[in-house]
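Those protein sequences? They're chains A and B, same order as listed.
Per numbering that gives the first Met the number 0, residue 0 is the first one in the first sequence, and the count goes up by one each step.
Per numbering that gives the first Met the number 0, residue 0 is the first one in the second sequence, and the count goes up by one each step.
Keep in mind that a hint or two might mislead.
Identical copies go unnamed one by one, so any copy, or any two together, can satisfy a pair.
To be verified - Taking lysine to any residue pairs in the SDA-like style, the calculated list, with each CA pair at most 20 Å apart, reads: (1) Lys-101 with Glu-222; (2) Lys-99 with Asn-183; (3) Lys-21 with Tyr-174; (4) Lys-143 with Ser-81; (5) Lys-20 with Gln-209; (6) Lys-91 with Glu-71; (7) Lys-12 with Glu-194; (8) Lys-101 with Phe-226; (9) Lys-76 with Phe-58; (10) Lys-42 with Asp-4; (11) Lys-195 with Val-224; (12) Lys-134 with Asp-161; (13) Lys-101 with Gly-184; (14) Lys-143 with Glu-203; (15) Lys-18 with Lys-99; (16) Lys-101 with Ser-164; (17) Lys-99 with Lys-185; (18) Lys-143 with Gln-110; (19) Lys-185 with Lys-241; (20) Lys-99 with Asn-225.
By construction, these hints were calculated from the structure, which means they are not laboratory data.
Number of protein chains: 2
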Amino acid sequence: MNYIDSVQNNRVKNFAKLKEKKYREEMKSFLVEGEHLIEEALKEHLVKILFTLHGTHPFTLDENIEVVQASEAVMAKLSSTSSAAEYIAVCKYMPHQLPKGKRIMVLDDVQDPGNVGTIIRSALSFGFSGVVLSKNGVDIYNEKLIRSTQGAIFHFPIIRCDITSKLVELKEDGYYIVGTSLQNGKPLSTIEEHEKMVLIVGNEGSGVSQEVLDLTDVNAFIEMVNFESLNVGVAAGIMMYKFRGNK
Amino acid sequence: MNYIDSVQNNRVKNFAKLKEKKYREEMKSFLVEGEHLIEEALKEHLVKILFTLHGTHPFTLDENIEVVQASEAVMAKLSSTSSAAEYIAVCKYMPHQLPKGKRIMVLDDVQDPGNVGTIIRSALSFGFSGVVLSKNGVDIYNEKLIRSTQGAIFHFPIIRCDITSKLVELKEDGYYIVGTSLQNGKPLSTIEEHEKMVLIVGNEGSGVSQEVLDLTDVNAFIEMVNFESLNVGVAAGIMMYKFRGNK
Numbered sequence: 000m001n002y003i004d005s006v007q008n009n010r011v012k013n014f015a016k017l018k019e020k021k022y023r024e025e026m027k028s029f030l031v032e033g034e035h036l037i038e039e040a041l042k043e044h045l046v047k048i049l050f051t052l053h054g055t056h057p058f059t060l061d062e063n064i065e066v067v068q069a070s071e072a073v074m075a076k077l078s079s080t081s082s083a084a085e086y087i088a089v090c091k092y093m094p095h096q097l098p099k100g101k102r103i104m105v106l107d108d109v110q111d112p113g114n115v116g117t118i119i120r121s122a123l124s125f126g127f128s129g130v131v132l133s134k135n136g137v138d139i140y141n142e143k144l145i146r147s148t149q150g151a152i153f154h155f156p157i158i159r160c161d162i163t164s165k166l167v168e169l170k171e172d173g174y175y176i177v178g179t180s181l182q183n184g185k186p187l188s189t190i191e192e193h194e195k196m197v198l199i200v201g202n203e204g205s206g207v208s209q210e211v212l213d214l215t216d217v218n219a220f221i222e223m224v225n226f227e228s229l230n231v232g233v234a235a236g237i238m239m240y241k242f243r244g245n246k
Numbered sequence: 000m001n002y003i004d005s006v007q008n009n010r011v012k013n014f015a016k017l018k019e020k021k022y023r024e025e026m027k028s029f030l031v032e033g034e035h036l037i038e039e040a041l042k043e044h045l046v047k048i049l050f051t052l053h054g055t056h057p058f059t060l061d062e063n064i065e066v067v068q069a070s071e072a073v074m075a076k077l078s079s080t081s082s083a084a085e086y087i088a089v090c091k092y093m094p095h096q097l098p099k100g101k102r103i104m105v106l107d108d109v110q111d112p113g114n115v116g117t118i119i120r121s122a123l124s125f126g127f128s129g130v131v132l133s134k135n136g137v138d139i140y141n142e143k144l145i146r147s148t149q150g151a152i153f154h155f156p157i158i159r160c161d162i163t164s165k166l167v168e169l170k171e172d173g174y175y176i177v178g179t180s181l182q183n184g185k186p187l188s189t190i191e192e193h194e195k196m197v198l199i200v201g202n203e204g205s206g207v208s209q210e211v212l213d214l215t216d217v218n219a220f221i222e223m224v225n226f227e228s229l230n231v232g233v234a235a236g237i238m239m240y241k242f243r244g245n246k
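Let's have the full structure, built from the sequences with the hints guiding it.
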């Protein structure tokens, strides 16, 4: 097993760059930290290199995974959290294909990684076949996003693309497109279930963009007693529960 | 207008302690930061002292509110965020009474301030009359909690108490008590609406405690397609939407 002591090591300097989106894109790789998340990433064969602080680890690894022992300083340099990590894995990007299931969740410029992570957990729970993120929203490989999904993200199709052209495509494929809008929307409880559905929630501040609303079959609003804005993760959860798959 | 330059000033040292729960309890006061939240606190007459960085402010203040200009160092000492605040208010504790409305949300040891904040926003939105927090959960005046409610917390009855004795009391008052539990629970969609209802969600890791489940009339689970744990804020939101007030 290799041992890397110095934070000046070229590979370490390179991998530490994966904390930035720009370099993740370049290397098509990202970092995963902590036993539980690495365990989940291993199930999908995403791990390429495992850094371990003590030279030992609890994982069952494929032969092609490189294991490297690293000093505390190196682990700290690779880590995104303030406490020293015992295990950090360099992982390759996930395959980006959206299966043609019956329920698809679309996020139009949702910015908070915690909100996106929460929505991904709900989408998996409620039998959605995938989540589509707009290009201007949070990065899929954002470390906080991965943590907030508790690993669900590794087992679930998530793509990032131009959502207007994706919606046109889904519409042609026979999906019923449900946007969310407080203006000119219909109460959620009156929206009928369809065989194939796309649900859309939007940005924390400004909601779903007009460009996207122009492409929907119907827009829903969640009935409230007092006018308050709901958290977007809660709004998405309520809608996905109502239209959950395989009822 | 008084001007305080030094972080060694006794009042400043005293107020900075309000970042800790222990001292908030002692002084029955808490800090609120930023224009929007202070505006919301003012509506409920909670503000006692306003610190302003430039000596000016955009608020309409009652005569009894003291305004103090403070140096950047003082503002930084009072602030909970990394960026320098322009306005910080010292506020008095809110009145703690639970009105006898028809819908009450109970949180059994929910720990994350963001989750509690999200639930408070949903409770207000869905016409709940108040939220009850258990003693072991997060503090009502936690700065992150206040921020995540976006000020809703000031306009909404929230109490913190021993929830088992509170539940006994509510039951005697005729409330139908709905817990949440994956074991021995009934599907949420089969739970019938009652005139007066209490809904309970639990700790992020361990759910609702057995002690509390022993007091419920029924326990619900949210129907999922894949077994995943939902975020507690999402779970609470789905339940409150179903049983929202004044439909």
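Worksheet item: Which hint numbers does the structure go against, in order from smallest to largest?
Response: Hints 2, 3, 5, 6, 7, 9, 10, 13, 15 and 17 not satisfied by this model.
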